[in-house]
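Using the sequences and the hints, build the whole thing.
As a plain string of letters, each chain reads:
2 protein chains.
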Amino acid sequence: MSGYPSLSVPPEGEFFRSRWVDPPDGIEFLDQAELPAGFRAGGVACGLKGGGATDLGAVICDAPEVASAILLTANAAAAAPVRVCRENLRQDVIRAAIVNSGNANAATGEQGVRDALAMRDALASEVGLEPETVAVAETGVIGVPMDMDAVLSGIAGLVASAEARGGVAFSEAIMTTDKWPKRVALRAGGVTLSAQAKGAGMIEPGFATMLCFVQTDALVADPARELRRAVGGSFERITVDGQMSTNDTVLLQASGASGRELPEGLLDAVLLQLALEVVSDGEGASRVGRVEVTGAADGAEAELVARKIANSPLVKTALLGRDPNWGRIAQAAGQALAGADIGELGPDAIEAADIAEGEREAELALRLDRGEASAHVFFSDLTHEYIVINAEYTT
Amino acid sequence: MSGYPSLSVPPEGEFFRSRWVDPPDGIEFLDQAELPAGFRAGGVACGLKGGGATDLGAVICDAPEVASAILLTANAAAAAPVRVCRENLRQDVIRAAIVNSGNANAATGEQGVRDALAMRDALASEVGLEPETVAVAETGVIGVPMDMDAVLSGIAGLVASAEARGGVAFSEAIMTTDKWPKRVALRAGGVTLSAQAKGAGMIEPGFATMLCFVQTDALVADPARELRRAVGGSFERITVDGQMSTNDTVLLQASGASGRELPEGLLDAVLLQLALEVVSDGEGASRVGRVEVTGAADGAEAELVARKIANSPLVKTALLGRDPNWGRIAQAAGQALAGADIGELGPDAIEAADIAEGEREAELALRLDRGEASAHVFFSDLTHEYIVINAEYTT
Numbered sequence: 001m002s003g004y005p006s007l008s009v010p011p012e013g014e015f016f017r018s019r020w021v022d023p024p025d026g027i028e029f030l031d032q033a034e035l036p037a038g039f040r041a042g043g044v045a046c047g048l049k050g051g052g053a054t055d056l057g058a059v060i061c062d063a064p065e066v067a068s069a070i071l072l073t074a075n076a077a078a079a080a081p082v083r084v085c086r087e088n089l090r091q092d093v094i095r096a097a098i099v100n101s102g103n104a105n106a107a108t109g110e111q112g113v114r115d116a117l118a119m120r121d122a123l124a125s126e127v128g129l130e131p132e133t134v135a136v137a138e139t140g141v142i143g144v145p146m147d148m149d150a151v152l153s154g155i156a157g158l159v160a161s162a163e164a165r166g167g168v169a170f171s172e173a174i175m176t177t178d179k180w181p182k183r184v185a186l187r188a189g190g191v192t193l194s195a196q197a198k199g200a201g202m203i204e205p206g207f208a209t210m211l212c213f214v215q216t217d218a219l220v221a222d223p224a225r226e227l228r229r230a231v232g233g234s235f236e237r238i239t240v241d242g243q244m245s246t247n248d249t250v251l252l253q254a255s256g257a258s259g260r261e262l263p264e265g266l267l268d269a270v271l272l273q274l275a276l277e278v279v280s281d282g283e284g285a286s287r288v289g290r291v292e293v294t295g296a297a298d299g300a301e302a303e304l305v306a307r308k309i310a311n312s313p314l315v316k317t318a319l320l321g322r323d324p325n326w327g328r329i330a331q332a333a334g335q336a337l338a339g340a341d342i343g344e345l346g347p348d349a350i351e352a353a354d355i356a357e358g359e360r361e362a363e364l365a366l367r368l369d370r371g372e373a374s375a376h377v378f379f380s381d382l383t384h385e386y387i388v389i390n391a392e393y394t395t
Numbered sequence: 001m002s003g004y005p006s007l008s009v010p011p012e013g014e015f016f017r018s019r020w021v022d023p024p025d026g027i028e029f030l031d032q033a034e035l036p037a038g039f040r041a042g043g044v045a046c047g048l049k050g051g052g053a054t055d056l057g058a059v060i061c062d063a064p065e066v067a068s069a070i071l072l073t074a075n076a077a078a079a080a081p082v083r084v085c086r087e088n089l090r091q092d093v094i095r096a097a098i099v100n101s102g103n104a105n106a107a108t109g110e111q112g113v114r115d116a117l118a119m120r121d122a123l124a125s126e127v128g129l130e131p132e133t134v135a136v137a138e139t140g141v142i143g144v145p146m147d148m149d150a151v152l153s154g155i156a157g158l159v160a161s162a163e164a165r166g167g168v169a170f171s172e173a174i175m176t177t178d179k180w181p182k183r184v185a186l187r188a189g190g191v192t193l194s195a196q197a198k199g200a201g202m203i204e205p206g207f208a209t210m211l212c213f214v215q216t217d218a219l220v221a222d223p224a225r226e227l228r229r230a231v232g233g234s235f236e237r238i239t240v241d242g243q244m245s246t247n248d249t250v251l252l253q254a255s256g257a258s259g260r261e262l263p264e265g266l267l268d269a270v271l272l273q274l275a276l277e278v279v280s281d282g283e284g285a286s287r288v289g290r291v292e293v294t295g296a297a298d299g300a301e302a303e304l305v306a307r308k309i310a311n312s313p314l315v316k317t318a319l320l321g322r323d324p325n326w327g328r329i330a331q332a333a334g335q336a337l338a339g340a341d342i343g344e345l346g347p348d349a350i351e352a353a354d355i356a357e358g359e360r361e362a363e364l365a366l367r368l369d370r371g372e373a374s375a376h377v378f379f380s381d382l383t384h385e386y387i388v389i390n391a392e393y394t395t
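Sequence lines, in order, name chains A and B.
For the first sequence, my numbering begins at 1 and goes up steadily by one.
For the second sequence, my numbering begins at 1 and goes up steadily by one.
These aren't lab readings, by the way, just hints derived from the structure by calculation.
Note that CB positions come from ideal geometry on N, CA and C, so glycine has one too.
Hints should not be assumed to be uniformly reliable.
Partner residues are not named here, just some residues of chain A that face chain B (Cβ under 10 Å, in silico) [said to hold, decoys possible]:
{"id": "1", "residue": "A106"}
{"id": "2", "residue": "V141"}
{"id": "3", "residue": "A169"}
{"id": "4", "residue": "T317"}
{"id": "5", "residue": "A318"}
{"id": "6", "residue": "N325"}
Here are the computed distance ranges between Cβ atoms for each label pair [what the hints assert, rightly or not]:
{"id": "7", "chain 1": "B", "residue 1": "G339", "chain 2": "A", "residue 2": "D147", "range": "29 to 37 Å"}
{"id": "8", "chain 1": "B", "residue 1": "R370", "chain 2": "A", "residue 2": "D147", "range": "26 to 34 Å"}
{"id": "9", "chain 1": "B", "residue 1": "R370", "chain 2": "A", "residue 2": "G299", "range": "25 to 33 Å"}
{"id": "10", "chain 1": "A", "residue 1": "D147", "chain 2": "B", "residue 2": "A338", "range": "23 to 31 Å"}
{"id": "11", "chain 1": "B", "residue 1": "D354", "chain 2": "A", "residue 2": "A300", "range": "38 to 46 Å"}
{"id": "12", "chain 1": "A", "residue 1": "G259", "chain 2": "B", "residue 2": "A338", "range": "37 to 45 Å"}
{"id": "13", "chain 1": "A", "residue 1": "D348", "chain 2": "B", "residue 2": "R19", "range": "42 to 50 Å"}
{"id": "14", "chain 1": "B", "residue 1": "A118", "chain 2": "A", "residue 2": "G371", "range": "30 to 38 Å"}
{"id": "15", "chain 1": "B", "residue 1": "A338", "chain 2": "A", "residue 2": "E132", "range": "22 to 30 Å"}
{"id": "16", "chain 1": "A", "residue 1": "R225", "chain 2": "B", "residue 2": "M148", "range": "56 to 64 Å"}
{"id": "17", "chain 1": "B", "residue 1": "E65", "chain 2": "A", "residue 2": "E372", "range": "51 to 59 Å"}
So these bits of chain A aren't anywhere near chain B, every CB distance computed over 12 Å [to be verified]:
{"id": "18", "residue": "W20"}
{"id": "19", "residue": "A37"}
{"id": "20", "residue": "G51"}
{"id": "21", "residue": "G52"}
{"id": "22", "residue": "P64"}
{"id": "23", "residue": "L129"}
{"id": "24", "residue": "A156"}
{"id": "25", "residue": "R165"}
{"id": "26", "residue": "R187"}
{"id": "27", "residue": "R328"}
{"id": "28", "residue": "D341"}
{"id": "29", "residue": "A373"}
{"id": "30", "residue": "Y386"}
Spelled out as structure tokens, the structure:
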């Protein structure tokens with residue numbers, strides 16, 4: 001079996017099972033290609049990326065019943081596929097998703113919307129589905145017109161490639177600057193669940209972030225509620241560069257074929273693990289930090305302070321430099337609460353342990369004295385590689 | 001004469017007269033050491049920095065009358081000297097300021113406040129002033145107790161060093177990671193004006209930023225109003241890393257000795273020039289951008305969008321890479337307005353000219369279609385040097 005030895009070791013061994021993930025007992029890892037009963041997926045190279053890299057993927061549910069939920073970016077300049085999903089998708093019965101990883105189809109005007117609809121319609125026609133049950137997701141360069149000849153020429157081959165063991169091909173077809181594919185296939189409590197995600201840059205969720213696709217044969221009575229809760233504890237808690245993407249999409253599809261319910265905590269653990277992999281594979285990232293703010297006046301304040309710390313370039317470079325620099329944490333917290341009097345934030349209020357060389361995860365904690373609310377955020381460090389990628393790569 | 005050849009060329013020739021500064025006519029530049037009538041200043045090495053670098057400075061007004069105004073950071077975790085100035089300073093009759101550039105005296109608890117008061121009292125006693133007319137400003141490392149033996153041992157020599165031609169010594173004594181001293185001495189409309197500033201990191205104003213001291217022999221009837229307006233168009237419009245310092249202070253002192261009023265626009269031009277020098281000498285900065293947002297629903301929205309663009313690491317690295325990457329501008333604007341519908345932001349809405357190699361200033365413009373409000377922000381690029389400075393230097 002080539003599956004994960006744990007929930008969090010990617011194939012390349014770049015990351016380890018995160019200490020911050022607490023999965024339910026009794027998980028059996030499957031070969032990563034496997035999908036739950038009723039699903040097929042695939043990926044092909046249609047030519048958007050060039051060089052023969054796969055760039056067009058699809059996941060399809062053929063089971064008699066499907067329950068689904070989708071979360072889309074809150075970015076006001078949302079990309080065409082997000083607009084199509086917001087306005088023209090039956091979000092509770094999504095049978096298929098089509099994804100390209102060569103062009104974000106963002107800031108492409110009305111033509112972009114027409115192109116996203118054409119991509120959706122072509123897949124629906126090839127599979128034999130109602131177009132309103134097909135989701136579209138796109139990622140890649142912003143502001144460049146779609147090469148629709150390439151996309152449309154790839155659809156027939158894409159559907160032909162889709163198979164029950166298509167998890168690996170699909171997870172690779174949705175990558176952009178990711179260093180490794182983020183995916184898992186597992187069985188627990190009598191149900192099967194697989195998921196594929198991609199991340200890298202422009203990572204700070206409004207309520208979701210990047211692309212993530214989850215398939216299960218469990219019965220899920222209220223997929224929207226399940227997905228929102230799990231995303232709230234995972235993708236909503238991460239930041240790479242504080243930049244909310246125009247294309248973020250998370251899709252959950254449940255075929256119900258197992259006749260059983262999801263074990264409690266499983267979806268949360270899987271999405272948190274994938275979210276942490278997205279942070280740890282953030283553009284240029286070498287280390288992941290977790291900042292916890294307690295004693296805030298209310299939840300919004302705790303969130304604001306935690307995010308201000310997590311997105312501070314001074315804190316992010318301190319994380320790179322293994323410098324438990326609590327002065328910078330105090331500064332960021334004071335900025336978040338500008339105008340308020342929070343007294344002196346000294347060493348007593350801040351915990352930042354020494355970071356060993358080679359340590360991939362670090363914890364920071366800030367204790368305010370204003371109330372009972374708390375929040376935490378996971379974040380990557382800011383490195384030279386981030387600058388190389390973003391000063392030279394056009395997105 | 002060793003003065004600036006123009007309002008903006010620092011001694012090292014690193015920056016040029018900014019295209020964005022429009023000073024009044026008839027400015028005569030003076031030797032940079034000169035101060036207006038009634039002022040003296042100086043700087044000494046008291047040992048906070050080590051290596052013999054000057055680290056303690058003072059500026060003193062001996063004229064019979066003084067009018068003054070001071071602006072202090074809004075950071076809720078404000079440093080001890082800021083707390084002392086907020087609570088114990090007669091802000092309209094500030095006769096002197098004492099500054100150290102070796103220790104920010106921030107996050108140092110009640111002992112920090114006692115130390116700031118002791119520093120103030122020692123200068124007041126040595127000069128013969130009421131303590132409540134002496135401002136204290138400090139900059140440097142955060143969270144480290146003050147070495148008060150060093151500071152107090154330096155006071156007598158500091159006051160002895162203060163002289164009418166002390167502008168150069170004072171401007172150098174307040175530097176931290178600045179590459180060049182920011183200062184000007186000029187005559188216009190029959191009045192003399194000198195100013196000294198320091199910047200570098202943790203630069204994003206709440207209403208003021210970093211340290212800046214302005215002396216004039218003009219009559220200034222309402223110095224608080226004058227200073228607030230000039231700061232609103234200068235230090236309030238810049239960002240290096242989006243991080244509001246714990247120590248920001250801007251002080252204006254007017255002796256009235258010339259018997260004449262300040263020429264209209266002079267204070268604004270001087271502070272804008274110094275603010276642009278602070279950005280262009282921001283940690284690691286190689287280029288300054290100006291982003292203008294028009295067509296916003298109201299001023300707050302215009303400001304929010306402009307700051308989100310100016311602080312985006314993707315926009316800042318694009319500025320480094322000379323990439324007029326309007327997709328990143330659209331993304332940042334959409335994030336600032338998350339949840340709103342702003343339609344498609346395409347090439348028509350965004351202007352970002354090509355940036356020539358060696359070009360030190362670049363302009364971006366975003367046109368929304370939501371109202372009549374506008375705002376602009378100046379910002380530095382994000383470079384490898386920023387990371388080197390902040391991953392290795394403890395602040």
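Verification of the hints:
1. Nearest Cβ of chain B to the Cβ of A:A106: about 7 Å, under the 10 Å cut. The hint holds.
2. Here the hint on A:V141 is kept, as its CB sits about 7 Å from the closest CB of chain B, short of 10 Å.
3. Because the closest C-beta pair between A:A169 and chain B is about 29 Å apart, greater than 10 Å, the hint is violated.
4. About 4 Å separates the beta-carbon of A:T317 from the nearest beta-carbon of chain B, less than 10 Å, and the hint is met.
5. Given hint, A:A318 at the interface with chain B, holds; its Cβ is 7 Å from that chain's nearest Cβ, closer than 10 Å.
6. Of the supplied interface hints, the one on A:N325 holds, with its beta-carbon coming within about 6 Å of a beta-carbon of chain B, less than 10 Å.
7. At about 31 Å, the CB distance of B:G339 to A:D147 agrees with the hint of 29 to 37 Å.
8. At about 33 Å, the CB distance of B:R370 to A:D147 agrees with the hint of 26 to 34 Å.
9. Between B:R370 and A:G299 the C-beta distance comes to about 30 Å, which sits within the given range of 25 to 33 Å.
10. Evaluation of the 23 to 31 Å hint for A:D147 and B:A338 yields a pass: the beta carbon distance comes to about 29 Å.
11. Taken as a hint, the range 38 to 46 Å holds for the pair B:D354 and A:A300, whose Cβ atoms sit roughly 42 Å apart.
12. Distance hint check: the CB atoms of A:G259 and B:A338 are about 40 Å apart, consistent with the given range 37 to 45 Å.
13. For the pair A:D348 and B:R19, the beta carbons lie near 49 Å from each other, so the given range of 42 to 50 Å is met.
14. The hint said 30 to 38 Å for the Cβ distance between B:A118 and A:G371, and at roughly 35 Å that hint holds.
15. In this structure, B:A338 and A:E132 meet the distance hint of 22 to 30 Å, their C-beta atoms being roughly 26 Å apart.
16. A C-beta distance of roughly 59 Å is found between A:R225 and B:M148, which places it inside the suggested range of 56 to 64 Å.
17. Separation of B:E65 from A:E372 is about 53 Å and conforms to the stated range, judged on CB atoms against 51 to 59 Å.
18. Every CB of chain B is more than 12 Å from the CB of A:W20 (nearest about 24 Å), matching its label as outside the interface.
19. Distance check on A:A37: its Cβ is at least 38 Å (rounded) from any Cβ of chain B, clearing the 12 Å threshold; non-interface status holds.
20. The claim that A:G51 is not at the interface with chain B holds, since no C-beta of that chain comes within 12 Å of its own (minimum 22 Å).
21. Every CB of chain B is more than 12 Å from the CB of A:G52 (nearest about 26 Å), matching its label as outside the interface.
22. Consistency note on A:P64: stated as away from chain B, and its beta-carbon is indeed over 12 Å from all of that chain's, at 37 Å minimum.
23. Listed as a non-interface residue, A:L129 keeps its Cβ farther than 12 Å from every Cβ of chain B; the least gap is roughly 28 Å.
24. Distance check on A:A156: its Cβ is at least 31 Å (rounded) from any Cβ of chain B, clearing the 12 Å threshold; non-interface status holds.
25. The Cβ of A:R165 sits about 36 Å from the closest Cβ of chain B, beyond the 12 Å cut-off, so the non-interface label holds.
26. Annotated as non-interface, A:R187 keeps its C-beta farther than 12 Å from every C-beta of chain B; the closest such distance is 38 Å.
27. For A:R328, the condition that its CB be more than 12 Å from all CB atoms of chain B is violated, with the nearest at approximately 7 Å.
28. Against the 12 Å criterion, A:D341 falls within the reach of chain B, whose nearest CB is about 7 Å from its own CB.
29. For A:A373, the shortest C-beta to C-beta distance to chain B comes to about 16 Å, beyond the 12 Å cut-off, and the non-interface label holds.
30. Under the 12 Å C-beta cut-off, the non-interface status given to A:Y386 relative to chain B is violated; the minimum distance is some 7 Å.
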